[in-house]
Every structure is written in C-alpha cells, then in structure tokens.
Amino acid sequence: MLARIAHELYWLGRNLARAEFTARAVEAVFRSELQASSDSTPGVFFGSGGLLAILGDVDATAGNGRPALDQLTLDPGRPGSMLASIERAREGARTVRDVISAEMWEAINTTSLTLREGFEAPRWEGATGTSATSQYVKERTALIWGVANRSMLRDEAKSFLDAGGLIEIADMVLRMLRVALPTTSFAGPAGDSAGTSDGQALILLQAVGGFHAYLRAVTAPPNAHPVARFLLFERAYPDSVAACVDSLHDCFALADAGPRNSKPVLRVSRLAADLDFQRRALPDGAELTGICEQTQQELAHIDQDIAERYFAGAASAGERR
Amino acid sequence: MADYRPQAPFLDELFEPDGSPRPTAESLIRDLQRLGSDGLAEAGRRRDAIFMQQGITFETSSAGGASGHHVERPFPLDLVPRVLSGEEWRAIKRGLAQRIRALNHFVDDVYHAREIVREGIVPWRLVVSCSHFARAVHGIRPPGGVYTHVAGCDLVRHSDGTWKVIEDNVRIPSGISYVLENRAAMARLVPELFASYRVRPVDHYPQLLLRALRSVAPSAESEATVVVWTPGPANPAYFEHAFLARQMGVELVEASDLVVRDDVLYMRTTRGLERAHAVYRRLDDDFVDPLEFRPDSLLGVPGLVRAYRAGSVAIANAFGTGVADDKAIYTFVPEMIRFYLGEEPILENVRTYLLSDPEQLEHVLGRLGELVVKPTGESGGRGVTIGPHASEQELERMRGVLANHPDRWIAQDVVRLSTVPTVCADGTLAPRHVDLRPFAVFGERIDIVPGGLTRVALEEGSLIVNSSRGGGSKDTWVLEDSADDADRAGPPIADTQPPALPDLRYGGWTGQQQQQQQALEGAPGP
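As they're listed, the protein sequences go chains A and B. Numbering-wise, the first sequence is residues 1138 to 1458 according to this note's numbering. Numbering-wise, the second sequence is residues 332 to 857 according to this note's numbering.
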C-alpha cells in the first residue's frame, strides 16, 4: 500500500488512542480532585498538575483543578486537548476515506462535529461539562474502534491503524507512570505500603481504565508498586505496556514484507522479550522508574524505525524534541 | 431558597435557628443559590436517568402492592449534601470504634465465659430470648477474636446537638454501596458544590473490607480466597452484593456454588473444587446452614457451621453476632463499654425502656403517646410505632400487644432528629429529618469510612428514614481540616519530565506539504 496512506492510518490510530486516554485521565483526575486525598499516605501522586505535564505544552500556569482540566477537553487552541486530537484524527481520516470503511469515517466525523458544534452548547458547558465531554469521547472512541474491528479487512491497512493505537497507548501509560511513580528519593511509604490502600494509585488505574481488570488479576491491594507492575507487565491486560508491545509485533509481522530483516520488527521483539525478562527477573518492590524510561526511549526508536522503513521518512515531524 | 426556614424545635444542620447559614455551610448555600431551583430540578432529572442507566435502583411495590407487581425506581439521592466538620467526625469515629469494640467483646463473652452475665449486668434470660442468639456457635472463637467485621451503627443528632446511637447493626448492615455511588454521582452531577470544600473520599472502603477479610482468613500457605455470598439476584440488596464483589475483585457466590467436604469449604469452579478461606456473607444466620439453623433453608450450605467450627473458614460477620444488635441488648451497651473497656461511653444511647420490667412497662403504657415502640428482633423500620404520629386506635391496639408480649418490645423517647435542607420535586428546598449510618470495618484494627450513609425522610414531618418506607439518602461530606493534614505530605512529582508528545502539530505528509505551500506563497516575488 502507499506509504502516505500507511502513515496517515498510523497517525489516525495514535490520535484516536490519545484522545481516549486523555479523556480517561481527565475524568479520573477530575473526580479525585473534587475530594480531599484519602486516609493513607499516598505512594504516588497523580493530579491535574501531573496530567498537564504529561500532555506537554499545555499552559502549566493555568493552576489546578477544573480550569486546568478544561484545557484538555474542548480548547481548540491546545494541541493536547481531546478536541484537538479528535480533529487531527478527522483530518487524517479524511485523507484515507477510501481505505477506511464509510461507517468508520462517519463515526469519526460525527464525533468531531459534535464536539466542535457542541462547543457552545449547554451540554459541554459549566461544571458538569468536563465529565460529560470525557464520557462522550470515551464512548465515541470505543465505538470507532469497534466499527473498525468489525468493518475493516484485516490487512496491511488495519495493521498500521492498530499499530498507531497500540504504540500510543503504551506511550501514554508510560507517561502516566513516569509522572506518578515516586522518585527514588521518596522511599518512605514503599516499605509499609503492604497494608495501606493507596487512593492515588487507584486514580492511576482509573485513568487508564484498568481498575476492574486489576482487581481481578492481582490480589495485592492497589498500591503504587503492584499497580505499576500491572500496567507495565501484565500481558493479560490489553492496555498494559507488555501487551501493547506484543500486539505491535503481531501487527508488523503481518504488515512487513520481510519481517526477519526488518529493523522495527526486530526491535519490537527485543523489547517484548526484555519486558518479559524484567517481569520475571525483577524482585517485588524493585524500583521501576528506570524501566519506564528505557521502555519509552525504546518506543521512540521504534517509532523512528517505523517511519524510516515504511513511510519513506515522512514522519520526521514525529521527531522528539 | 432565600425563604428557607429551619423548623423549630429541630436542629438544622446547615442553617442557624434564625435562618442564616452556619459558618461551614456558607459557601455551599451560596453555590446552591447559584444553581437555583431550576438547576437543581434539572440535575435531578439527569440523576434519575444516570441511575436507571447504571442500574442503581431499588424495587418498590406499586400502589396495588398486594398484586406482587414490583416497580424499579432510581435510588433517591438528594442533591444537597450533609456537611460534617473534621472535629465532629473525629468524635463520632472515636465513639463508634469504642462501641464496636465493646459489642465484639460482648459477642465473645456470650458464647464463652459469660462474665457479663455472672456479674449481673446483662440478664441471661434476656440474652437467650434474643431471636438471633445462636446456640450452634457456642464456644467457637474465630481468628483474631473478631466477630463484628462489618458494623453500621445508626446515629441521630438531637436538637441539643449531641449525637446519639439509636440502633446497632452488626449482622449484615447494608448501604455502603450507596455511599460510594452517591459520591460518584454528586461529582458528576453537581461538581460546583465541591468547589469550596475539601471533602474526604470514601472510595477506599472495598479495599479496607478486603484487607480485613484477608487478615482473618485461615490460610497459612497461600493468598486467601475471599468470596461474597449473596442469597441471589432476587434479594433487594443484590446490587450492593455485586458492587462489593466487583470492587474487591472477588467472586460473588450463591449457595449452589459452595460445598463443604471434610469440614472445608470449597467453591465449584471450571477447574474443580477450589477452597474459599473467607466468606463475606450477606444472608441471615437462619438460612446459612440447614443442618444447624432453619432446616427448610434452600439458600444455605449444609455443613458450613461445622467447617466454621473446625476453623477452616472465616465468616464475616461471624454467626451469632445478631445477639449484640438486638434492641433489648442495646440498652446495655453503655454498661458493656464500662465493663469490658473500663471507659466512659463517648456516644450516648437514646433513653430506652425495657418492657420486660413490670415497672417500666407500666410507665410506658401510661405515656405511650409520647414514645416510640419497636420490636426487638426486627430491622429496617418494620413494626415501629411512633406515639405522637399514631392514632388512638393504633395506640390502643399497641397497648394490648405490649401487655401480652412485653419482652418482644422496647420503648424509646422520641428523638428530635435534626434536619437538612432537601430538594423537593419543584427544586425548592425544605427541611427534612435525617439520620446517619457510618460503616466500620474490623480486621486487625477498626477503620471507619469518613461519613457514611445519611438517610433522609422525604416526606414532610416524617421521622422514618428507611428506604423501604419512602426514605432517600444524601451524600455525607466529612471536611478535611488541618488535623488531618499532618500525616499527609505527598511525594514530590517526579522530577524527570517525560519527553514532549510526538507530532502535536499536525505533522506528516500534509503538514510538510502545507509548510512548503505556505513557504512558496510567502516567498518574496522575483
């Protein structure tokens, strides 16, 4: 298929995933910041400040709470906002309308139009607007992915779309972990965390949407450490970093003409193996920030390799600053 | 809203008697005014829609209740929260912990040494006459000596501002799911009300419960398996059972899933029998084991009490705890606190008359019109007669019943329940009576979730708050103050900032082309 089309699909996937994860995170943070922190000493911290830091060039001087979060919902001037991500997805989808199904195009287009037209509508306004917007974006992205899964041929095109979504999810999860995990200098509650329940780690789980999955998969109480391990290594949870990397490998194994000599494929398999190794080799309670950082760098390299091999270098705009 | 008047002689929790807002409630009242009655009515409609959608409902019989036709209604959450200061809450919390510790001692004592009986403080006759006294568990001491793992005491606030305990629930108190769902709904529906407050969160309750259940589970070698045991989907509290199981990430089991082999409790799984170490049971003693309690129970697991006796499974709450929340035993709780703990009770009882005492019976019969009469073995507001609200015929009938079965009834002074402004159908506010049921979890220590379930009598002047009888609920806010802050210095935000997001500008092919096009257009002419 055309390199340009592959590139658009890849970024369509990324933008959709980014909008969805922004929405989840905004909703979780919004709800938690209405209340005071919970009884126990938090082992992680995840608030609107951290969220703004993750989403990069949002104006960090906007303060905390709703005004800060509102920049992430419907502010068209903010590249990190859900509206901006959806708009970019729509622009992308427009250029590949022949490749994606009509149904999928409609789903994306409607989402974008509703958000934009509804910008002035009472539904998105006022104090309830933040959660209403997040809820809408969550529902619509789920719908878009659902339509894509049912209506698109499982060919190269779908592989690139999925690959974009997967790499973005892994990247967002890593970002959240890097902001939320305690730094090494703050070793305090790690020791006695065995018994305490950690409200902030719960927020982190809710921000990713993995609260229920965590409870079913892990018996340890949701504290900073087991939550971080779960989000990094749990293969059975589709949005964990390890599961995303695995699926990413499957995508490229299908899409690549010669996967045995392909740099991105080789890199992805090495990362998958490395994550598996770390999961088994690391003792409980080991420090995880280093791994998060390495994995994220590795994902950046993969992104670069993908651009070079498949998009004829078109993704130079994706360069890390 | 400006014409809201507190109803003397009742204490209003948000307004002073003269109609001005109390200091803690000032900004709340201001935000409520800003919302206005239209805003409140609109939020109420959205609340009903959301609750129906999420299935947070309860069933009531329709007007022709006898037909057995049930109607599902959204759970009635009132949008005006109740506000408790940090200081007030700490006193309640200390008082509850003390009371629950004493009740736990009492259950242990009743089924073992019976010291409190031998000391002549509680009459044995009264203990054995309790409908929830369980001979079957005599001499069994569960792990950690904890019987009342989950407790919910009903508190009311008298017009002089003091908190009184009106009822203890140490069998299967329900309502905690509504505390959590109410808070989530409030944050979604009226987030503006939270703006000026630091409200302590409640959503860690399932984790507290899970930790407590694990801590009492008899499993030495592996991680304990905890289950929630429900009578089934037809139970009115099924929503809560499913909610707790989901929030704790444990299995929700019914009797048919459980089996006892060689005094060990197992559940039937796709991989054969698997052991269950701790059971949070949500059905009454009567039904749990047809071999020991009611033989006609179809909801029970034969042999469960034997397994419990063998110590291979922990049951929360333990069998036989009902003896401690009997309404006749309630009278003795302050004495228990003095006897077992050597402390003075922090929370008072409501003045109660034991009708098995002929002198007290005579006194009660004389002024039945001023008292509340309750059956001892019931819960949920069933069978309660409120003297001042009852007709002369009802009182006359009651006198007959009391004279015949004095030991099945108690009488209490009428408590002037405090009021909190509550939204009426048209969006205006009116004072309605409330009580408070905080939830405590007893594992290795006692944890109490800040606040609890505030139940509100939605009908004007009514004192009955039970949801089965037209009651609603309110979100209960415990405010954080400086005393809570001391131990909460959060960790610093990670100093390593993640790299900037890739491609925030709309990049790629189109971006480059556009740049190039723009560059061409902007190029100076030749």
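Simulated from the structure, these hints should not be mistaken for laboratory data. It should be emphasised that the depicted structure is a prediction, and the values quoted were computed from it without experimental measurement. Glycine residues also receive a C-beta, built at the ideal position from the N, C-alpha and C atoms. Please note that a few of the clues may not be correct.
[What the hints assert, rightly or not] Interface residues of chain B toward chain A, partial, derived using beta-carbon atoms under 7 Å:
#1 Asp439
#2 Asp440
#3 Val530
#4 Ser550
#5 Ala551
#6 Gly580
Verification of the supplied hints:
1. Asp439: Hint on B/Asp439: violated, closest Cβ of chain A at ~25 Å, above 7 Å.
2. Asp440: 29 Å, violated
3. Val530: Result: holds, 5 Å to nearest chain A Cβ.
4. Ser550: For B/Ser550, the interface hint is violated, since the closest Cβ of chain A sits about 11 Å away, which is over 7 Å.
5. Ala551: 16 Å, violated
6. Gly580: 3 Å, holds
The earlier numbered hints that this structure contradicts are 1, 2, 4 and 5.
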